[in-house]
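Protein chains in written order, with the numbering used here: chain S, 2 to 172; chain A, 174 to 388; chain Z, 18 to 202; chain U, 48 to 430.
Simulated from the structure, these hints should not be mistaken for lab results. A few of these clues could be false.
Unchecked claim - Residues on chain S that point at chain A, a partial pick, calculated with CB under 7 Å:
| hint | residue |
| --- | --- |
| 1 | Gln19 |
| 2 | Pro83 |
| 3 | Ile128 |
| 4 | Tyr129 |
| 5 | Pro131 |
| 6 | Arg136 |
Claimed, not checked - Below are the DSSO-like pairs computed for lysine-lysine, each with C-alpha atoms no more than 27 Å apart in a straight line:
| hint | chain 1 | residue 1 | chain 2 | residue 2 |
| --- | --- | --- | --- | --- |
| 7 | A | Lys197 | U | Lys241 |
| 8 | U | Lys88 | Z | Lys145 |
| 9 | U | Lys407 | A | Lys211 |
Said to hold, decoys possible - Pair ranges (Cβ atoms, derived):
| hint | chain 1 | residue 1 | chain 2 | residue 2 | range |
| --- | --- | --- | --- | --- | --- |
| 10 | Z | Ala80 | U | Asp300 | 53 to 63 Å |
| 11 | A | Lys283 | U | Arg227 | 33 to 43 Å |
| 12 | U | Asp247 | A | Gly258 | 52 to 62 Å |
| 13 | A | Arg232 | U | Thr251 | 51 to 61 Å |
| 14 | A | Leu199 | U | Lys241 | 49 to 59 Å |
| 15 | U | Asp300 | A | Lys283 | 34 to 44 Å |
| 16 | A | Gly258 | Z | Asp22 | 34 to 44 Å |
| 17 | A | Val193 | S | Ala153 | 50 to 60 Å |
| 18 | A | Ala291 | Z | Asp179 | 51 to 61 Å |
| 19 | U | Asp300 | Z | Asp22 | 40 to 50 Å |
| 20 | U | Asp300 | Z | Ser119 | 35 to 45 Å |
| 21 | Z | Glu189 | U | Arg227 | 55 to 65 Å |
| 22 | A | Arg232 | U | Lys340 | 42 to 52 Å |
Using N, Cα and C, we set each Cβ at its ideal position, and we do this for glycine too.
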Amino acid sequence: MKFQAIQGEGWLLTKAEQLINWGRSRSPWPFPYGTACCGIELMCALASGYDMARFGAERVAFTPRQCDVLIEAGTITKKMVPVLKRIYAQMAEPKWVIAVGACACSGGVFRTYSTQQGIGSVIPVDIYIPGCPPRPEGILYALLKLIDKIEADHPLYKQRPKLIEALEAYK
Amino acid sequence: MVRRPVVKKEYTLGERVYLVEIGKGLGLTWKHFVYNVKASFRKGPHTVPTCWQYPEDRREIAPIFRGAHMLQLNEKGQELCVGCGMCARACPAKCITVKRGKPAEGEEDKYAGKTMCASFEIDMLRCIFCGNCEKACPKNAIVLGQDYELAEYDPNLCIYDKKRLLANFHRAKAEGRLKPPRKPVPVDAPAPKKKTPSKATMTKKKGESGDSEKA
Amino acid sequence: MSLKDRVADILGKDLVALNEFRGDLCIEVPKGRIVQVLAKLKEEGGFDFLSDLFGVDNLDLYAKAAKKKKKSQEESEDTGETKGKESVQPRFEVIYLLLSLSTNERLQVMVRVPEDDLELPTVTGLWKAANWPEREVFDMFGIRFKGHPNLRRLLMWDEFQDHPLRKDYPLEGKGEERHLNYDIA
Amino acid sequence: MAKQLETICITTGPVEVGDYVTLNIGPIHPAMHGTLRVITKTDGETIVSAKPEIGYLHRGVEKLGENLTYSQFLPITDRLNYCSAICNNVAYEMAVEKLLGLQVPPKAQLIRMIMMELARIADHQVCVGILGVDLGALTPFFYLIIQREEIYEIFEWHHGARLTNSMGAIGGVEADLPERFHEKWPKLRDTIRKANDETDKLLTHNRIWMDRTIGVNAFCADDALNWGFTGPMLRACGVKRDLRKEEPYLMYDEVNFEIPTGKHGDVFDRYMVRMLEMEESVKIIDQAYALYKELPEDAPLMKKVPKIIKPPEGQIYHAIESPNGELGFFIKSDGSDKPYRIKIRPPCYMVYQAFEDLVKGEMISDLIACLSSLNVIAGELDR
Numbered sequence: 002m003k004f005q006a007i008q009g010e011g012w013l014l015t016k017a018e019q020l021i022n023w024g025r026s027r028s029p030w031p032f033p034y035g036t037a038c039c040g041i042e043l044m045c046a047l048a049s050g051y052d053m054a055r056f057g058a059e060r061v062a063f064t065p066r067q068c069d070v071l072i073e074a075g076t077i078t079k080k081m082v083p084v085l086k087r088i089y090a091q092m093a094e095p096k097w098v099i100a101v102g103a104c105a106c107s108g109g110v111f112r113t114y115s116t117q118q119g120i121g122s123v124i125p126v127d128i129y130i131p132g133c134p135p136r137p138e139g140i141l142y143a144l145l146k147l148i149d150k151i152e153a154d155h156p157l158y159k160q161r162p163k164l165i166e167a168l169e170a171y172k
Numbered sequence: 174m175v176r177r178p179v180v181k182k183e184y185t186l187g188e189r190v191y192l193v194e195i196g197k198g199l200g201l202t203w204k205h206f207v208y209n210v211k212a213s214f215r216k217g218p219h220t221v222p223t224c225w226q227y228p229e230d231r232r233e234i235a236p237i238f239r240g241a242h243m244l245q246l247n248e249k250g251q252e253l254c255v256g257c258g259m260c261a262r263a264c265p266a267k268c269i270t271v272k273r274g275k276p277a278e279g280e281e282d283k284y285a286g287k288t289m290c291a292s293f294e295i296d297m298l299r300c301i302f303c304g305n306c307e308k309a310c311p312k313n314a315i316v317l318g319q320d321y322e323l324a325e326y327d328p329n330l331c332i333y334d335k336k337r338l339l340a341n342f343h344r345a346k347a348e349g350r351l352k353p354p355r356k357p358v359p360v361d362a363p364a365p366k367k368k369t370p371s372k373a374t375m376t377k378k379k380g381e382s383g384d385s386e387k388a
Numbered sequence: 018m019s020l021k022d023r024v025a026d027i028l029g030k031d032l033v034a035l036n037e038f039r040g041d042l043c044i045e046v047p048k049g050r051i052v053q054v055l056a057k058l059k060e061e062g063g064f065d066f067l068s069d070l071f072g073v074d075n076l077d078l079y080a081k082a083a084k085k086k087k088k089s090q091e092e093s094e095d096t097g098e099t100k101g102k103e104s105v106q107p108r109f110e111v112i113y114l115l116l117s118l119s120t121n122e123r124l125q126v127m128v129r130v131p132e133d134d135l136e137l138p139t140v141t142g143l144w145k146a147a148n149w150p151e152r153e154v155f156d157m158f159g160i161r162f163k164g165h166p167n168l169r170r171l172l173m174w175d176e177f178q179d180h181p182l183r184k185d186y187p188l189e190g191k192g193e194e195r196h197l198n199y200d201i202a
Numbered sequence: 048m049a050k051q052l053e054t055i056c057i058t059t060g061p062v063e064v065g066d067y068v069t070l071n072i073g074p075i076h077p078a079m080h081g082t083l084r085v086i087t088k089t090d091g092e093t094i095v096s097a098k099p100e101i102g103y104l105h106r107g108v109e110k111l112g113e114n115l116t117y118s119q120f121l122p123i124t125d126r127l128n129y130c131s132a133i134c135n136n137v138a139y140e141m142a143v144e145k146l147l148g149l150q151v152p153p154k155a156q157l158i159r160m161i162m163m164e165l166a167r168i169a170d171h172q173v174c175v176g177i178l179g180v181d182l183g184a185l186t187p188f189f190y191l192i193i194q195r196e197e198i199y200e201i202f203e204w205h206h207g208a209r210l211t212n213s214m215g216a217i218g219g220v221e222a223d224l225p226e227r228f229h230e231k232w233p234k235l236r237d238t239i240r241k242a243n244d245e246t247d248k249l250l251t252h253n254r255i256w257m258d259r260t261i262g263v264n265a266f267c268a269d270d271a272l273n274w275g276f277t278g279p280m281l282r283a284c285g286v287k288r289d290l291r292k293e294e295p296y297l298m299y300d301e302v303n304f305e306i307p308t309g310k311h312g313d314v315f316d317r318y319m320v321r322m323l324e325m326e327e328s329v330k331i332i333d334q335a336y337a338l339y340k341e342l343p344e345d346a347p348l349m350k351k352v353p354k355i356i357k358p359p360e361g362q363i364y365h366a367i368e369s370p371n372g373e374l375g376f377f378i379k380s381d382g383s384d385k386p387y388r389i390k391i392r393p394p395c396y397m398v399y400q401a402f403e404d405l406v407k408g409e410m411i412s413d414l415i416a417c418l419s420s421l422n423v424i425a426g427e428l429d430r
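Given these sequences and hints, build the entire structure.
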């Protein structure tokens, strides 16, 4: 009975979750990790003309510690993989990853000895954007989709694996 | 040690005082600000200084823009693709797989050619949108449309099958965004000679084997 | 005097072969005397700018030629004699692209490097520009340059074993991964 | 001190700390353009040595070229210098045409010239903008980006892509200049000039800008030649050398333009050379457009090339003046439909290898200014 209030119908927790989600989705601070061509289009998307800041991606920080969304734009080579892993590890939870462009998604045309075939095998990716490079609109669309995903998240459940375990047992 | 030319910093008075130039710069940014405010009140089509309010105000895309692929039908509603696989061979990223098939009994009039593609898959994550498939297609069946909103949560959804490519076409047709047929490129038969030949093609030796003298 | 004659004049005996294709002159010089030849070209020929330096692996080319030869041999049913002559051909080439700033002429100087003696003298003393290209040739083909100030891998990471631009290295690699020797995260 | 600095910049390898402070910058430092890494040894704030490490964007383009056909490799060249992809396309196309012994029709040459110069302007704008951003002047970057969108629009309407253009084909170009170009060019010319003027007003005579750029990383001309510099970097040192003039390709010998040069090869001179070159590019486009208008509307755009290109055996090297300098393609053909060996001579590769000499004895903050002014594009540097 104790868990009844938390288990979905709980008004307070749902509202708290909504509040958290609202806050998170309105300020996805990006870490623009542009390594190659897609970085230039990402620059366009961030700069005037498209202005990603309209969706709350206002503060572009170049340190992973203060970012929520890792926008991986460009090729990741095998030499770079440890660096990418490190950046991802340095980001604080909650964190999301957008893979921009063919190279980041799957290696693209560079099916070669030195290119990592997609960053999905290295770090978890939330959104894949095909294109080589995608238009700035394509990047903005992905950001909007990411915001949708953040809004549908359950931050309080996710943070407490033990609680979920208990709930599962309760059922 | 590295040699460095000595550079004398010679400033004019205005530069030395330095507030003059700062003032000029600030004036310029204010001019932009006023211009932008004015432009935002202007009616009519989008003007440059303000930004494109993307989801609502979409930018005009060139009709030849290379976006998501689609498989075209002809005016009679027949599939143009014959499954020859030329696009797959021309693709530098090797992201297209085509299987050739014969149309089933009684369905021949659904296809323009005698054969058809049994399956047609494009891995959009690999695709680099270079347009080589479009150039290679002898039937003008596969074209790159104008869709650019391709982001997906799941990478498996980015592998477009035949159904989805045809759906792309139907959607584009409904919205009137079909790609105009490519104009034939005027190819020259007898070359009109340039007045001064560029150095790159100064010597014309055809059919001369490169290593003949080395052996 | 055309460039061809001039180069032949300057080099004299050092000129092994000369080849012109579409206006590009390529000369072959002996491996041992490459630095002297380049110095001579720089001083006397006026080729004072090194625009690039790179290697070529001729493995496939020889295989193709051998195949062709074999085919023609089979056709003419002429057996024996010329067997094993292809293996004598040095496998690698290193090409120096020279440019004369005053006359705007370009010259390709080629030197052949056999597989069992992968060593060349460095030309960083003549042109500093040869620094990274030589490192790249070492990285990609495994040709060592004697006297190079810092002959390490340039493009691939240090622990990488193979030489990727060799023809017998597969395009998609052999599954190498880079691991740092300290723990990240 | 060492510890503190290390936390600011993300290190990716073990750093050795000797008498000097070893400071690792990159590869994800904001001033390192994504993929560059410099390991410096500093004495206080003065740089004692700076070792650049490259290869973080080595994608195996040359090896890939050996496994693709001649026309398949064309889209890959876009990904070399992605700020001015058209110059790479044209350089590669011209190299293959030289191998085939082709000559492109004049109209195609003019279209190539116009597009290349537009790409050059876009490239220089990015370079100047980023140089400003790295030195703390954000405003010009935004003004230039607004203007650059217009150029991208023309690219999009001509060959269907904004950045990775894959313009033309071997043997010519595939489309005539779009309607939009005819409408837009007079206006675009003014906006380009206006944007440049504004950048000029904001930066050139600004005391802060001058203090941070004049005399920084000054470089001797003979050193520059010894290191293999080309392009704006060499011209900033005072050497008047431009492949468009020295080895005219396309129709550059029929247009008049100046070669702007600097004096000392410092950051300010490089910036000025780039700014003046944009102006010259506008002039070139104007003249080329006038020449273009003289040609009949149905003039040929393509030379007839077989569908599968099989050049004769041989090896050629062809170079053009890309925005960064001499961009050359060496192609060795063995008579098959795939190139036997492709070697790309990227301009910033030669410039970047002199980085240690460029920054030795300067301050750390000047290192950032130096790196931005070199306009090192990692895609072309590492290939």
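For which of the previously enumerated hints does the structure constitute a violation, in increasing order of number? Going through the list in order, the structure violates hints 1, 2, 9, 10, 13, 14, 15, 16, 18, 19, 20, 21, 22 and respects the others.
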